[in-house]
Structures are given as C-alpha cells and as structure tokens.
Amino acid sequence: MLLRTELTLLLRARMAMFALILVALLSIAAVAAGMAEVARQRDVIARIAPQQERDLAAIASWVDQGKDPGNAAYYSFHATWDAPEPLAFASLGLRDVAPYILRVRALGLEAQLYDGEAFNPELALPGRFDFAFVLVYLAPLFVIALFHDLVSGEREAGRLRMLDALPGRARRLWVRRVALRGGLLYAALALPLLAGALLSGVPVGQCLAVLGLTGAYLLFWIGLTLLVGRLRWSSVANAATLAGLWLVLTLILPTVAHVAINQAIPVGQGVELSMAQREAVNRAWDIPREETMTRFYAGHPEWRNSPPLPPAFHWKWYFAFHQVGDESVAPRAAAYRNGIEARDRAAQALGWVLPSVGVQAALARLADTDMQAQLAYQDRIRAYHQTLRQFYYRYLFTDTPFGKEDFARTPRFPSS
Amino acid sequence: MSAISLIARDELRLMRRNRVAVVAFALLVLLTLAAAFISWSHQRAIAETRARFQAQAAKEFEAQPDRHPHRMVHYGNFIFRPLGPLAAFDPGVDAYTGNSMFLEGHRQNTANFGDVRQSSLLIRFGQLTPAFVLQVIAPLLLIFLGYGAVARERERGTLRQMLVQGVSARQLVAGKLLALAAVAALIGLPAMIAFLLIAGQPDALAGPMAVIALGYAAYLALWAVIVILVSAMMRRGRDALLALLALWAVLVILVPRVAPDIAANAHALPTRLETDIAIQEDLRRLGDSHNPDDPFFTAFKQKMLRQYGVSRVEDLPVNYKGLLAVEGEKLTSRLFDNYADRSFAVQAAQSGLMNGFGMISPTVALRRLSMAAAGTDLDGHHRFLEQAEAYRFAMVQQLNQLQADAVTYADDVAQDAGADTRKRISADHWQAVPEFRFQPAPASDLLRASLPGLLLLLVWLAIAALALIPIARHVQKARR
Amino acid sequence: MSLTANGQRIVVNDVHLSYGSHAVLRGLTLHVAAGEIYALLGGNGAGKSSTMSALLGFVRPDAGTVEVAGYNPATQADQARAQIAYVPENVALYDHLTARENAAYLLALAGRRPEPQAIDAAFEATGLQEAAWDKRLGGFSKGMRQKVAIAIALLREVPVLLLDEPSSGLDPKATADFNRLVHDVARRGAAVLMVTHDLLSAADIADRIGFLEAGRIVDEAAAQGADRFDVRDLHRKFTAGSVAA
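Residue numbers (this note's numbering), protein chains in the order written: chain W, 2 to 417; chain A, 7 to 486; chain V, 197 to 441.
Looking at chain W on its own, in the form it has when it is part of the complex (with noise of 0.2 Å):
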C-alpha cells in the first residue's frame, strides 16, 4: 500500500514520469541504434566473402598462365575482419574510427597494419549515440532531475516537520522513496539494453556484468545527489551544483585528463615508423642481394638450403627485403604499440577516480570495441600475415610452381 502511493505520487508529478518515459525512450533508441550499426557491420563482413572470391579468382586465372608464386604472392589481397561481439551495440567504442575490415598481402606488414576505413570524421567528431552514451552523460542529469529534491522538496512544500514528527517507522520513508525512483530509472535505463542483450545472444555473464556495471554507475550518482542533499540546501541549489558536479566529472575532466596523458606519454609518432620502414624496404634495391639473404636466412634458417638467387630478378629476394625491413623497424612498432597501450592504461586507471571514464572503458572491455580490442585484432593480422608468408616461401624458396589449385590451399583468416 505504502509503496503503491509512492508510486502514484511519483508518477502524479508530471515531471517524474516525464523523465522516466524519456529516459525508456532513449535507452530503447540506443539500444535500437547500436543494433543496427552492429548488423550493418556484421552485413559488411558478410560481404567480403563472394567478393574476394570473384578478386582472387581473376588474379588466379592470370598467375596460372606463368604459375609463379611471386606473382600469386604479390597481387593476391587477403581479407582479414573484426566481427562485433554480441554486447558491441551498447558501446560502438573506436568501431567508428578504426578499420574492422582489412585486406592485407605478403608484402611489408607495417606498410599495411595502420591504415584506415573510409569514415566522414564529421560523423565520428561527435561520437555514436550508443547506450554507453546514454548511461554516461544522459542518465546522471535524470537522477540529478528526480533526486536532486527528494528532501528538499518536502521542505520546501513544509512538509518536512511533518514528516520528521511520524514514529520511526516513517524514516524508512525515504529509504522507499529512494528505492523506487532508483529502481524505476534503472528499469527504464536497463530493460531495454536487456532485451537488446538477449536479441544478441550476449552471454548470461557479460548481462550480469553490464546490468550490475549499470546500476553501480546510477548509485554513485544517486549517493552523490544524497550526500548534496544533506546539504540542506535548496532544490534549486542542490539542482544547479549537480549540475556543476556533472559538467566537471562528465566534461571537463576527461578532456583535461586526455591532454594530461597523451602530453605525459608520448608515442613515437606512428609515421616515424611507417618511414624508417620504408628506408628500410627500398634500400634493399641499392645494397648487394646477398647481403639481404643473409639477414634473411639469418632469422628463416628453414629456407638456408633454397638455391642461389639468379642474375635476373627473384620474387623470394623481394619478399626477402620486405621481411628483413619489417623485422629492422619491429623495437620500433613495439614502442609504438607500448605507447599506446601505456595511454590506454592511464585512462583506464583514472577510471577508478573518475566513474564517467571507468564505466565508459569498462564497457567498452566488456563490449571488445575498445582500444585493446583495436590492438588484439591486430595481433591477429599479425599471426594470419605470419601464415601468408609461411605458405608463400614455401613456395617461393623452392621455386614451387603455383597453380590455380593452390590458391585454394591459401589459409583464409580465422574467423574468431
């Protein structure tokens, strides 16, 4: 009975029930959203397939006339993809901005492992609605909205002696009045990204997790907007320093704290790799052939035995010089990888202090769309281009003619 009055005098006052129906529609939105963009994306994956099959079927037809592997080796592209998970569409994360799709050949892998997807940066600048976006920025100006009075309120309306007067069991008052905004805002918030969870298919666990990661993010901001309250300010000052606090913790923070990291660690622009790189690659033209077999041979004992190179131009010597140029500049990629983990790092450790940028990377972890995720794909381009090359110099070390049926023994990449 008690709490069913609590009900009809919250969803009486027009406010109230104003803002949770918002709140319902933008989660839901968001949810729907995110939906679509991950199977916009699962559909682009989709598509790579026939059309790489009609891209190597033509160089096939053309390599087979002459059979060489450099041939095969050097035009034939290799499709590599980042599927979604299941939870990707409450947080897009960096998908906007960073290549899912990539095609790759046996040439120089750090000519290749940088480069991006055709994006407008008009779009991206702004960022994605996502539920992510929602919970962050959207629903702590809802509990400031429904909590901010929640005492103050009845103070103002002189209520409050009134209700302080009742017995004990009265107290429990606010207890219930917290309980049931909270609760119903955390409905609103988190019915929607369930059902879209469930649709997905997103794991019993990674629900729980993103469900309780949700709820925690709202009881900071409900116990933030009690602790003001205690205050015993006015609603209208309660309302205006949250917020203030919401600007600061959700705005101005995270940007001071992005100069702050990326001025503490800088990384080796990733140019000056991509250049010392190609200094590497293209000098291989000016020094004595064997100089470069050796170095090969060096790191590739298993191909020592191939024959000499000729006079006339060899693809295993080009395929040779891009492999040592790659592995001249490899300290190299790893600083510049460090460099970037080590900024993702201190974000994620001012996650701790700063909850709007914990709950934003949390989710994105949870989701696979953030930066480690970008770097993990990676790591796999990294191994699937180790095979292509593997499968290659097999050939080409021993000048293994390389016919239309070997392009079908090419390894494809995993789907993870």
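No lab work stands behind these hints: they were computed from the structure.
If you're wondering where the values come from, they're calculated on a predicted model, not measured in any experiment.
Check before you lean on any hint, since a few could be wrong.
Ranges of calculated distance between the beta carbons of each label pair, as one might list FRET restraints [what the hints assert, rightly or not]: (1) K405(W) to A305(A): 28 to 34 Å; (2) R173(W) to P368(V): 40 to 46 Å; (3) L310(W) to A433(A): 37 to 43 Å; (4) K405(W) to Q393(A): 41 to 47 Å; (5) L192(A) to A335(W): 31 to 37 Å; (6) F254(V) to S47(A): 19 to 25 Å; (7) M16(W) to D288(A): 55 to 61 Å; (8) D451(A) to L232(W): 50 to 56 Å; (9) V249(W) to L192(A): 44 to 50 Å; (10) L232(W) to T55(A): 43 to 49 Å; (11) F254(V) to E342(W): 44 to 50 Å; (12) R413(W) to L292(A): 38 to 44 Å; (13) R241(A) to E342(W): 52 to 58 Å; (14) F254(V) to R241(A): 55 to 61 Å.
Positions of the beta carbon are idealized from the N, C-alpha and C atoms, including for glycine.
Position chains A and V against the provided structure of chain W, taking the given hints into account.
Okay, now just chains A and V, sitting in the frame of chain W:
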C-alpha cells in the same frame, strides 16, 4: 536613467554579490584561457612535428641514390597536412583524420595516424578547446546565472510589485536580457582575445575570423535570450532551471550525437575493401597490360607506333615501358578519382544531412560554422586529400616520364648482370621533383562555407528574440 | 509511567535549551493532563517552536526533563512520536493525492491502516464535505486542508495532539469548526497542546493558557465559569510580558 538599464544594473549587482556566480564565472574564464593555451601549444607541437617530418621526407626523397625511376615510384613520398592558424581555436576533425599520407604509384593510400587511433578513449569525451568551452560550457553558465532572472521576481512577489509601480513587463524582460547579454559578452571576451592572440595576424583570414566572432556572439546571445524566455515562462525558479538544463542537454549534447547516426544510416559509405576490389575489377575490364593480345593495350601500342612513325616498339625514340607506365597510371588515377568523388559525394550528403540538424539545434549550426571558417571541417580534409592525389599523380607521372625519356627500352628489358646498373638514372632527377605544398583554402572559400551556419544561427536568434514579445505579454498578466 | 497514570500526558520540567550561545528555553515547566487543552501563548522568539521541537524529539534539551506519554522524546523519539499527532502551522499535504489518499498514506507512514469507513467517519467528524473526499488536495483551502490534517490526527488515536499556530489564516466560521473538533479530541481523552500568538483563539479554546516569555512560563491563567477567561486581563498579561522582554 531608464527602467531597463536600472533593472539590468540591479540584476548584475545581484550576480556580483552571489559568491557562487562569481566563482563559476571566474572558473569559466580560467577554463577558457587554459583551453586556449593548451590548444595553442598542442597546435604548435603538431605544426612543428608535421613540418619536421615533411622536411625529413623531402630530404630522404632527394637523398635517394641513382635508381631506376620506377623504383622511385614505389619508394614514393610522405606528405603531411599542415594545420591552419585557426585550428588552435577549433581543431575540428583534425584528430579524427589521418594527417600523413604515403604516396606511391598504382595505389591510393589512406591518410593515417590520426590522434584518435593512438590516444586513449578519453579523446572521445571531447577535446578541451576554446570552441568546446564556448559551444558546450558557456551556455550552461548562462543558465546558472540567468534561470531565476524573471522567475525569481515572480516567485517572491516582487514582480507584481514592480508591475504595480508602472514598470512594464517588456522593460523588465529587456532589462534582465540586457544584464545576461552583458554577462554573455564577458564570457565570450576572453575566448575572443585568446582567439586573436593564437590566430596571430588576421591577414587574409580576417573574413573567416569575423564570421567566427560573429557566430559565437550570436550563439551566446541566443542562449541569453533562451534563458530569459524560459525564466519568464516558468512559475518557479526551480522549474526554469530544470527546463533549461533539459533544453541544454537536448540541444548541446543529445542532438549533435543523434544526427551523425541518422546521417550514417541514410547514406551508406562503401568500405575501402569494396572500393579497392571494384577498382581492380574496373581495371581488368579496361585491359590487361600483362597480356600481349589485350585489345586495349594493343590499340595503345599501335597508336604510339603510328605517332612516332615506326613499326616496332624497339625503334621508338622513347622507352615504350615508360609510355606504358604513364598510360597505366592515367587509367588507374582516373578510376581513383571517380571512386574518391563518389565517396566524397556520399560524405558530403552525410554532412549535409547532419548540418540540417542545425535547424533543431543551434549548437550543430555553430559547430558547422566554426569548423568551416577555421578550415578544419570535412571540406578541409577533402581539400588535403584532393591535393595529395593531384600531387601523387604529378609526381608519379614525372617519374614515369623519366622512365620513358631517360631509360632506353633495350636497357629496361635487359636481364643480364650489368643491366641493373644501366637502368639507373642520376639521383639529380629526384631533386627536380617539386615538394608537396598544401594550398590552404582561400578566405573567400572558408567564408562561403561558413555562411549557411551563420545564417541559421541568426535565424535562430531572430525567432528567439521575437518570442520575447508574447512572453513579455505573459509576464504582464501577473498583475492580475 | 506514574505521571501518565495520574493523568499528566505532557510533562516539561525546568527545561533549558540553547543554540550555541543563544538561549531559547530557560527553565520551561509545563504539564498538560489527559483531556486538557493547553495553549502556550507567546510572541515571536518566545520559544514556542523550540518547545515543539523538544516535544517532538528534534532537539535535546541541555537540562531538565521532557516526557510525552511517559517517553523521553530525546532518547525515545520513536516511542514518543508514536504517541503524538502533530499538525503543523501550514498544513502541507500532498497536492497530487486526494484527501482520502493523503489520509491513508500518512496514516500508513505512521503505521496505521484504518478501514476506509473509519476515514470517512473521520472526514465526516471534521465536517469536510463529502464531495471533497476524492478530490486532489491541489485546490483545497487552508481550512479544508486543516480538516484533513485533523482527521488524520483523530485516526491516529494517540494520547497527545500538538497544534502549531492552528488558527492563523482561518476565517471565523472555519475557526469555530476547528475549535469544536479540538474539543472533541480532548473529550476523548487526548492531551492537546497548542502554541499560538493569537490571544483570542487561545481564549476561545484552551482550558489553561501559559504565557511564554523568553523561554519560560511567566504566568498562567485557567478557564473559569461560563465566560472562561477575562480577555482584557489576558491581554494585559500578554503585553506586560512583551514589554518586559
């Protein structure tokens, strides 16, 4: 002294005596200055890095030894997009686009190594720039300072008292607006001074700078009017504050986020993989340079032989392989241009749709204006891509032409041990390849691109100002 | 409990209370028996609302004892409050709820779940028109709100009724209705304590009047005979105290 200025003075005095308001104002000014300084030093560092890399790339290119020209086509060149002077105020999409490009023959590479892919997730929270402070945070301060301007008078009953004493509601509203507009001007002033300092001598950019100043002034004025409107409409100060916060969240935070999603869904952009495959297919359809019987390349050969009046390619006064390279690059380049134009068109349609949301949110309109005038919008990036492609084409063709003119056909096809040395031409030729010089958009282009946004903002301002009239009438009724 | 047994429901003995260096109650002593209506009459700052706060357990006296139906509100706030029905000066109930919903809700908060008929009977007793019972409180006059509040107090069936400036803002007819109601409550055995600065309303309703001045009772008057009080005498006592302060 008129009633309006009396009311404005009183309102300003009240704000001055409100310690929280003064502290908030001071913090915003500090934030603006910090943002300006950070943005400026960041932009300087970027400019310095890119200039250094550009110089290094040019030096390395020129330092290449004697080579076959086609080796240089593959050696290629790195170019960097410099930042315009206004980028420190509004860097726009700079962090989201790659700012360096590797240019080589037969291929069109992407611009790589944008900040967004080598920074932490924090970059997605926005960047602390003067533009961000003015677009997002300044309206919030105006809301805090002004939500009670009229609502407070109504709530405390002083409104009635004033009306009874013969002050008209119109004067009251005008006075409150005047006070808030003065505050808005004070908020915008430090940003504009910083803007002038970091942009340096306006020179040719005076026009775009004026548009930016005008645009931000109109934006802040618009928010001042909106705050007064809502304050006059609501019965209680708290209602006014909540309504304004909701409005701010929708106009400044929500709509700019929703618009890109709608635009991206309305106009699908083909992926690079699909474009690459499509280009390869088109090339195969055109002809196969590896096939001696290919009709397209046979026709080209006949044309060349006819042109020089010989019957065998060996007898041509120029290297046929070089001619073939020139022709091949021309073909691929045309395709690149076609596909790039298509991609640009889709992106332009996306951005156009998104800019249309400027009719719903003045922040979108301002952002458009600001980036366009600063030359840091999509057009600015496309400008770079187009110039990069033009430069790539010219550089590759210059090298291909060198192959045709400076390497003999006999040497080029020779396979003997000494052939490699004979194919090489002097390194002096590399120095003859001009360096890449990015031509920034002329001020008139920036101006033209920023005018629609400005127009939209002014329409917003005009409508909001007109809405003050019925609102003043509404306030007048409080007498009864 | 002995005090309750001999009929004293409100016992305040030599209570001292100060906020910082500012003393508001300085040796306040007053007793209200079951069935008695006691009016505490005082000007602004005399200590009326501090007395209320002490009785409701909002503040703890520096010295002296307070007992409400045998409980010390400072240490046994819940038990004490369970014995008190309190009607604040401006009866503020929930505008979004109907009269009936307000009654049911606030009684439930106090741990009571009366039958709907009981609520009807209480509304009936307060003289609230039946048409208003299921209307939202948003449009109610102050008198109507007060009737709802008294109805809630009646339904609480507690031994102590505290009234804060009950007559302010009521028209004469509403005041008369109200007085009749309070008498009904007292006749059923409740101790009623009202604080007011309105001498006439105190004289109308109270069995005894205490003159509160600078935190203590400086004089008392008891109702006698058909005329109850000599208003002129009361007025003299009231203003004399005020001037003295």
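Hint by hint, here is what the structure shows:
1. K405(W) to A305(A): 28 to 34 Å: Check passed, 29 Å falls within 28 to 34 Å.
2. R173(W) to P368(V): 40 to 46 Å: holds (41 Å)
3. L310(W) to A433(A): 37 to 43 Å: violated (25 Å)
4. K405(W) to Q393(A): 41 to 47 Å: holds (43 Å)
5. L192(A) to A335(W): 31 to 37 Å: violated (51 Å)
6. F254(V) to S47(A): 19 to 25 Å: violated (57 Å)
7. M16(W) to D288(A): 55 to 61 Å: Since M16(W) and D288(A) have Cβ atoms about 59 Å apart, the given range 55 to 61 Å holds.
8. D451(A) to L232(W): 50 to 56 Å: Because 54 Å falls inside the window, the suggested range holds.
9. V249(W) to L192(A): 44 to 50 Å: The hinted range 44 to 50 Å is violated for V249(W) and L192(A), with Cβ atoms some 21 Å apart.
10. L232(W) to T55(A): 43 to 49 Å: holds (48 Å)
11. F254(V) to E342(W): 44 to 50 Å: Violated, at about 58 Å.
12. R413(W) to L292(A): 38 to 44 Å: violated (30 Å)
13. R241(A) to E342(W): 52 to 58 Å: holds (55 Å)
14. F254(V) to R241(A): 55 to 61 Å: At 31 Å between Cβs, range violated.
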